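Participant: Letter by letter, the chains look like this.
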Amino acid sequence: MTNGWAGKILRVNLTKGTIKKEPTEKYFPEFLGGKGINTKVLWDEVGPEVDPFSPENRLIFGTGPLTGTLAPASSRTNITTKSPQTGIFGDTNMGGHWGPELKFSGYDHIVIYGQSDRPVYLWINNETAELRDARHIWGKDTQEATKIINDELSDPKVQVALIGPAGENKVVAATINHRLGDNGGRTGTGAIMGSKNLKAIAVRGTGDVNIAKPTEFTELCYKLLSTPNPYIEIIRGIMEANDLLYKSGGFAYGNIDPMPFPEMETDYIRLMEEFCRKYKMKDTTCFNCPIACKALFTIPEIGDVILKCEDWMNFLVRCKKIDFVYNAKANLLVQKYGLDLFSTSANIAFLMDLFEKGIITEEDTDGIRMEWGDVKAVYAMIEKIARREGCGEIFAGGITKAAQKIGRGAEKYAYHVKGLELPNYILNPPAWALGAAVTERGCLFRSFAASLAFMTTATYEKASAYAKQYTPDIIDTIGPKYEGKARQVAFFERDVCLADSLGICRWLSQWQLYGPIDQDAMAKLVSTATGKNIDKNMLSEYSDRIATTIRAFNVREGITRKGDTIPEKFFREPSFKNMYPKLDPKKFDGMLDDYYQLRGWDQNGVPTRKRLEELGLKYIADDLEKRSQN
Amino acid sequence: MIKLAKILVLNPKECSGCRTCEVVCSLVHVGTCNPARSGINIWEKDSIDVPIFCLQCEEPRAYCQDICPLNAISRNQDTGALIIDKSKCTGCSLCVGACPYKAISIDPVQKVAVKCDLCKGDAACVRFCPEGALEYIEPDEARKKTTRQIMGIVSLSNKEVSR
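Chains E and Y supply the protein sequences, listed in that same order. Counted from 1, the first sequence has number 302 at position 302 by this note's numbering; the numbering is strictly sequential. Counted from 1, the second sequence has number 85 at position 85 by this note's numbering; the numbering is strictly sequential.
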């Protein structure tokens, strides 16, 4: 079993301060990889009676059999828990160098439970793992604390995953951060880490990750690395990507408003180019990644900032201010405090929207006038949310609780799915609507089928051309129609689930339609790395087993068809310039029916006994049945 | 005087710090993925990454070769690379200290010294580097670049990289 996998799972009981090891084999071959085994542990050990903040909740870090190997973009760690933000399956995926280092230290997973009576951090140095006092770093921001830990352990190669003040304060938008620019962002895993009094996990490993067929594996990786990938060009030229999104009408502005504000048209691209020319130092990456989606900027008055992907948009388009230095500073602030970029910018945009509508005044926000584009108000609110100071306290439980506390009709403007704030995208395209509605952890940009609508750019033809070349299986599902969208969404969900399980980055999977690592390539990579014969069909079954277990977990927490919906505004309003018409509720329901049928769930969204037994999950069927009888 | 057939050079501005070179080096040499056993190592400071590797010193004798008490380091006649004979090496670490470029380390599994051997002239790191930051080129061409690139390393560590 030691090929591909490091071979061991570390179990840390923070209440007792004890650390145990168990073989990863215990969970294979039933479940595969980071997300797979995380899901299984969560199902087994966290029942509906467990409150997210109780010591009984698990915080599970999982790497896959490809993490830390030569497989392209093999940097990923999946972090799973019961989310304090949504109360259901909480899951996030982190890049950087932490996951590979964990593998080199000899562990595939870390399962954390209990609650320490004082702040501690976990130090894993190859075989040895110990809990150390963290009182001196409690309260420090993520960058400062990382530096102190690295100095203390006197090794710059130690990789640290940690929480900032937001996580310590149990703000549900708290992240688990790693290096500058890398974090496990959504669903509030950082708040769980904070509730357990665990400040950080520092890892250093110098052991082997063995490969069953090294020569074959190396050549396969070379082939995948050297396959031309249109996405690399697009993501590096982030300007073109954003321009594309802007023109496609896919962005949402302010508080999920499809109408762009004037500066978006006139200044966005020009100012971004100017910013890059002035401050860009170099491209930078996670472990073993050919994409290099991140870039380092050194800005004299701010310092070093790493920006990638969504960092280029959220604070700009949400708070309606096109100023890239402000954006860099806001990004650095959320990273230092350990706050989720999406949730935090959504929360601030929500306040600005309420202020504009006259629902709140400066009296509700400690004297700060929450006007669109006011950068000082943004900085101040980030700090207040992270520290739970003054009006920041209302967001400690997420946007739904904040809206309830404000009252006065604010609920109507709190846009979320299952309690998780929307990313800055409209959900009018049918594939996005379905993807967002059924996603396992609440509305998340990364888990709904982004690509095809992403590429719509006024041209479904362009998407079709890519699909013809890369994903012929779903070519007939492209376009504005509702038919076939269930199949399209399930296709991308499988891809994403497998990437998260194997430990490679989704950006190289077909999630963006044209990544070089399709499911055939994944099967070959995992087979040559582990020496187990795993083909494409088996992978597909693995992903279905994971998806169905997660669904059963969510059903156990009370999610059914009723929860699988998106804010009603998308049924009411078309998108910008009517590029995407308003959604048809009947047809939307039809898509849900199709999706449940395809997944083998009943019309209420509950996995059927038949499907569960097919997937070897009889014990889940029994559990669900027993609970429904009580 | 020993002549190198070709020289491994670095374009420091291009390195993104992905560490593909470390992984592939260990995979082709010892059959596992383990950067700690690699002959090339990325050192990172303040988000700036610099790969460190053996420059195969062309002095009549290199420092590592000079200091090795067991004569475990010899030249490959084809490439000019300095090669460590693992069967002779005891892992005493004298060469690690002697190398002015910190390009030798101790393999934590086999407990022997490990450094770049230029892969018999087909350097895997060069082949796999997704950024084109590493090149294996003719000496004349390399000499034109080297000074500038070593300067590049120095200035990178001071964060004075030209934009």
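Some clues are possibly wrong.
To be verified - With a straight-line cut-off of 30 Å between C-alpha atoms, the simulated DSS-like cross-links for lysine-lysine are: (1) E/LYS21 x Y/LYS111; (2) Y/LYS13 x E/LYS147; (3) E/LYS147 x E/LYS26.
Unchecked claim - Which bits of chain Y does chain E cover? Going by a derived footprint, with three or more residues having C-beta under 8 Å, they are: (4) 35-49; (5) 109-117; (6) 125-138.
To be clear, the hints were calculated from the coordinates, so they are not data collected in a lab. If you're wondering where the values come from, they're calculated on a predicted model, not measured in any experiment. Every residue gets a Cβ at the ideal spot worked out from N, C-alpha and C, and that includes glycine.
Participant: Does each hint hold? Answer for all of them.
Facilitator: A quick look at each hint next to the structure:
| no. | hint | result |
| --- | --- | --- |
| 1 | E/LYS21 x Y/LYS111 | holds (26 Å) |
| 2 | Y/LYS13 x E/LYS147 | holds (25 Å) |
| 3 | E/LYS147 x E/LYS26 | violated (36 Å) |
| 4 | 35-49 | holds (count 10) |
| 5 | 109-117 | violated (count 1) |
| 6 | 125-138 | holds (count 4) |
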